[in-house]
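This is what each chain is made of:
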Amino acid sequence: MSVVAAGAPVPDFVLRRHDFSRFTKDDLLGQTTVLVFYPNAFSPVCTDQLNLYEEVLAELAAQGATLYGVSCDSVWAQKAFKEQLGITIEQLSDFEPKGATCRAFGVYFEKGGMPTRALVLIGPDGVVQWSWEGEHPGVLPGANLIFDALAARPAA
Amino acid sequence: MSGLGSAPLPPLDADDHLLGPATPGADPTDVAIVYADYECPYCAVLHARLVRGGGRWAFRHFPVRSKHPRAWAAACAAEAAALQGAFEPMHMALFADQARLEDPHLWARAERLGLDVARFDADRRSEAVQARVRRDFTSGVRAGVVTTPTVFEHGRMRPIALPDA
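The listed protein sequences correspond, in order, to chains B and L.
Position 99 of the first sequence, counting from 1, maps to 98 under numbering that gives the first Met the number 0, and the rest follow consecutively.
Position 45 of the second sequence, counting from 1, maps to 44 under numbering that gives the first Met the number 0, and the rest follow consecutively.
Honestly, the hints are just simulated from the structure, not real lab data.
Keep in mind it's a predicted model, so treat the numbers as computed, not measured.
We put the CB at the ideal spot given by N, CA and C, even for glycine.
Some clues are possibly wrong.
[What the hints assert, rightly or not] Not the full set, but computed from the structure, chain L residues with beta-carbon under 10 Å of chain B:
id: 1; residue: Gly2
id: 2; residue: Leu3
id: 3; residue: Pro62
id: 4; residue: Val63
id: 5; residue: Arg64
id: 6; residue: Lys66
id: 7; residue: Phe86
id: 8; residue: Gln97
id: 9; residue: Ala98
id: 10; residue: Leu100
id: 11; residue: His104
id: 12; residue: Ala127
id: 13; residue: Val128
id: 14; residue: Gln129
id: 15; residue: Val140
id: 16; residue: Ala142
[Said to hold, decoys possible] Far from chain B, some chain L residues (derived; all Cβ distances over 10 Å):
id: 17; residue: Asp12
id: 18; residue: Gly52
id: 19; residue: Gly53
id: 20; residue: Glu101
id: 21; residue: Val145
id: 22; residue: Ala160
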């Protein structure tokens with residue numbers, strides 16, 4: 000299994016927002032989205048990753064992109080994680096049925112029971128424009144990679 | 000390319016902060032470039048190691064505010080001190096006591112170093128100083144820096160082993 004590739008339509012999926020409301024494919028339409036799949040809330044690398052991306056949110060917004068964190072942690076765990084980090088990045092939970100969305104995006108790491116570390120850039124039409132998957136969960140993708148992908152988007 | 004897209008590590012320029020003694024006869028541009036922040040405990044460990052090693056290095060700011068809430072203010076304090084010719088002593092004073100990085104602690108350091116405190120306080124909040132810190136951070140992001148401390152030698156990122164802080 001590998002991360003959904005550029006050019007593919009986003010699969011159907013359901014994630015849960017902080018208020019347990021549904022976040023689906025329809026929520027991606029009309030906006031440029033970066034989904035950040037991370038293995039575990041509170042883990043050191045995931046902490047560094049979300050802290051770093053928080054620092055460049057204004058630049059992402061200037062590029063018209065909205066970034067979300069996605070993990071198999073529960074909504075409550077994600078809320079605690081977000082609060083502890085002091086970040087504003089919205090978190091989306093793939094807790095139950097566990098990993099269903101991660102599997103649909105090709106980023107579920109079966110042996111670990113968690114997402115692998117991956118990034119998926121989705122255009123306003125719901126088509127994947129770029130994706131990245133780490134060789135292992137310890138690899139932290141720099142924010143520069145996201146900006147490279149945004150710059151490489153086809154002209155609207 | 001966007002302002003934070005990938006780009007090579009900027010070479011040293013006249014505005015970079017060089018620390019430690021110069022090695023006689025050595026190429027002055029051939030020094031390690033360290034991206035770090037003043038609130039990061041791992042950066043403090045590396046800082047102590049660099050000071051002890053007696054070499055020369057360049058320091059660039061990489062404050063990540065959600066991780067280290069006072070890192071940005073501390074970086075601006077160092078740059079404000081630089082405007083009064085006191086980057087290095089402020090840099091040393093910041094790493095010397097990471098538990099005291101609130102505004103009164105920064106003013107106390109400035110006073111101890113003999114700086115014009117009112118000017119220091121205005122400068123550290125100025126757009127020029129903020130832009131100077133942001134310039135370092137941006138260059139780090141573009142070169143692929145993801146955490147602190149990150150060290151480059153000969154333009155390439157060098158892994159460093161540090162104990163748990």
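Outcome of the hint check:
no.: 1; hint: Gly2; verdict: holds, 7 Å
no.: 2; hint: Leu3; verdict: holds, 4 Å
no.: 3; hint: Pro62; verdict: holds, 8 Å
no.: 4; hint: Val63; verdict: holds, 5 Å
no.: 5; hint: Arg64; verdict: holds, 6 Å
no.: 6; hint: Lys66; verdict: holds, 4 Å
no.: 7; hint: Phe86; verdict: violated, 23 Å
no.: 8; hint: Gln97; verdict: violated, 17 Å
no.: 9; hint: Ala98; verdict: violated, 19 Å
no.: 10; hint: Leu100; verdict: violated, 16 Å
no.: 11; hint: His104; verdict: violated, 21 Å
no.: 12; hint: Ala127; verdict: violated, 19 Å
no.: 13; hint: Val128; verdict: violated, 18 Å
no.: 14; hint: Gln129; verdict: violated, 13 Å
no.: 15; hint: Val140; verdict: holds, 5 Å
no.: 16; hint: Ala142; verdict: holds, 8 Å
no.: 17; hint: Asp12; verdict: holds, 20 Å
no.: 18; hint: Gly52; verdict: holds, 26 Å
no.: 19; hint: Gly53; verdict: holds, 30 Å
no.: 20; hint: Glu101; verdict: holds, 17 Å
no.: 21; hint: Val145; verdict: violated, 5 Å
no.: 22; hint: Ala160; verdict: holds, 15 Å
In summary, the structure is inconsistent with hints 7, 8, 9, 10, 11, 12, 13, 14, 21 from the numbered list given earlier, while agreeing with the others.
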